[in-house]
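As given, the protein sequences belong to chains V and P, one line each in that order. Quick note, the first sequence lines up with residues 1 to 355 if you use UniProt numbering. Quick note, the second sequence lines up with residues 1 to 319 if you use UniProt numbering.
It should be emphasised that the hints constitute simulated quantities derived from the structure, not laboratory data. For each residue, glycine too, the CB sits at the ideal point set by N, CA and C. Some clues are possibly wrong.
Short, incomplete list of chain V residues facing chain P, as computed with Cβ under 7 Å [as the list claims (entries may be wrong)]:
id, residue
1, Ser201
2, Ala297
3, Val298
4, Met300
Chain V is faced by these chain P residues, among others (derived, beta-carbon under 7 Å) [unchecked claim]:
id, residue
5, Leu34
6, Gly46
7, Leu48
8, Trp68
9, Ile69
10, Arg116
11, Ala144
12, Leu148
13, Gly250
14, Glu258
15, Lys303
Covered stretches of chain V, as calculated for chain P (at least 3 residues, CB under 8 Å) [what the hints assert, rightly or not]:
id, region
16, 29–40
17, 90–96
18, 223–231
19, 239–249
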Amino acid sequence: MKAPILSSWFGRGAVAAPPDIESASLRSDRFRLEREGEWRRLEAIVARMERGGLKRISDEDLLALPALYRTAASSLAVARETSLDAATLGYLEALVQRAWFQVYGPPKGFAAWLRDFLFGGWSRAVRALWLDICIALAVMVAGSVVGWLLVARDEAWYYRLVPGRMSDTRVPGASREELLATLATEENAAGLSTFAAQLFSNNSAVCILAFALGFAFGIPSLLLLVHNMALLGALLWLFDGQGLLVELAAWLSVHGTTEIFGILLSGAAGLHIGRAMAFPGTRPVLAAAAEAGQRSAVVMVGVVIMMVVAALLEAFPRQLVDGTGPRFLIGGMMLAFWLAYFFLYRPRPMTEDGA
Amino acid sequence: MSAAATRTPPRLRPRLRAGNGRRREMITPEGLSLPVTLASRGSRAGALMLDVLIIVFGLIAVHMLLFWIAGGLLEGTSFDPTDAPRGAQEFLQILLVIFVFVTWYGYFLVQELGPRGATLGKRIVGIRVAARSGGRLAPEAVIARNLLRDIEVFYPLVFIVTLLLMSSNSEDVGPLALAATAWFALFLLLPFFNRDALRAGDIVAGTWVVEMPRTKLAETLSTQGAAALGASEVTGARYDFGEAELSVYGEKELQTLERMLRESSPEALAAVHETICRKIGWEPGAGDERAFLEAFYAQLRAKLEGDLRFGKRKVDKFS
């Protein structure tokens, strides 16, 4: 006598009618038979929600959902104390769990989340990381100073810091003309968009790495920042030797204000997690890590967006716009924009709608 | 440890005791405790492999499609790549780079943000992501757990594979490479070092991976056969058990019997029938086992549930 479950696989209405309530000899079975219809209705609604989100649910069902969920939850609580029918208990536990995931499911869709993120959520998350941003900034400045000093003392360091393929003609001893040529613009835009796409993919991966490494108490994130900035320091030293520091700064600033800001944020995000795990305060370590991780994740989505902007800037304006002044103008504008967006733009948080 | 174990056994409910080390309690906002079963490490690894396979085959398919289109660009230029329209080729290249990036990160993200909280691989295996606190699964949590996947799963694997290749070619492996591999391996093995099988991404995001129960509501046993009629359909015999006969067994045995009645073959039921008869001192007959067991089940359950209402629990035959 197996339950004919096949019929309930197909069609929503094709649920076998429950046996007559009066025929049940046990009180707990009568309890079950009285409520079975509501459980099955809840199951059907939940199954539809799992398949296709809220759009397929009629208003009537949607309004009934919380009540049905609470009925099932209270049925479970009662059944645990009065019924010894393992099948019913197992079914109710599974049903309440499934319904719970839908009733307390993701609070909003991806589009709504993105809107909230762009209009306030992102800058709020960045501001919450202010201390980590300060630390990461200090580490980055220190990193570039260290890079400069190391190379200034011993030129051999340059080759260790700067990977070979990156420094084609940009090596110690290069003439002013050679260095200046690397800062020049390209003739036309052909090939630059591919360049941008690759830059973006590569830089985002580096940023995600900086963030993810923060898990080990933030130390690897900081090391990554130091390493990247030491490279920058070495480059600055090289161009300074030929009196081209301002030109290099202008060349870098076009995309660098966005890109280095993004790297700064991802390092800070990693550090934020690391710090929360090392010093959780009164909370359990796991709770502290989860809280910090979710805040940092918001920042990281923003960093990916910044990397898109940086790659576009790096590929087009930097290679096409000539002259120190215009380059500084673009870079400065971007920096001003990011700073204003993160620290001056403070809309009121959108109200959380309750379940 | 053993001292604690001997002190604690008292009154675990049979349902919980029947479970294994992967069962956890989750408290809903209504204050109801729901049992959840953590996904096993094996099923999670399997789900990940399925997902990676899906991504890889999807990417290969898209690559082939794009190359086919790019091949079409060469036609009419007498197969001279320099003559091909450059802008179109470049466009395809960009499309490819962006597509790979979006697929790699978006595949997990979009699916786990959906109502099922699971990727295709996870759905096939029957597991999903849930918030550890019992609250909502926030989009931030899903993002955080997926950003860490690269460093804790794929980088270690890449490192280990390179190391194996290098050592098989008897190349010199520097101490730095070894240290890096050990460090990354630590991430890879993290789920084995904690009770809840959390990987680093789960820790940072406050999530865990649980099994997705799919239970159908079974028929009520007490409305069928001898339990409902009070007499056997085959022989017409009535089975009535006395107080002493029904107090032999407890809840655990009742639920075992329930499972047997729902699932077992007549031969298995005959064996159970014989065991019960001997236990309660009856002479085991033959041919009417199912009716006997249904009647016994209904009456035992009526008695135990009656006791339950008065706050008396008999967990198993020993208590």
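Query raised in the report: Hint by hint, which ones does this structure get wrong, listed from lowest number up?
Result: 6, 7, 8, 9, 13, 15, 18, 19
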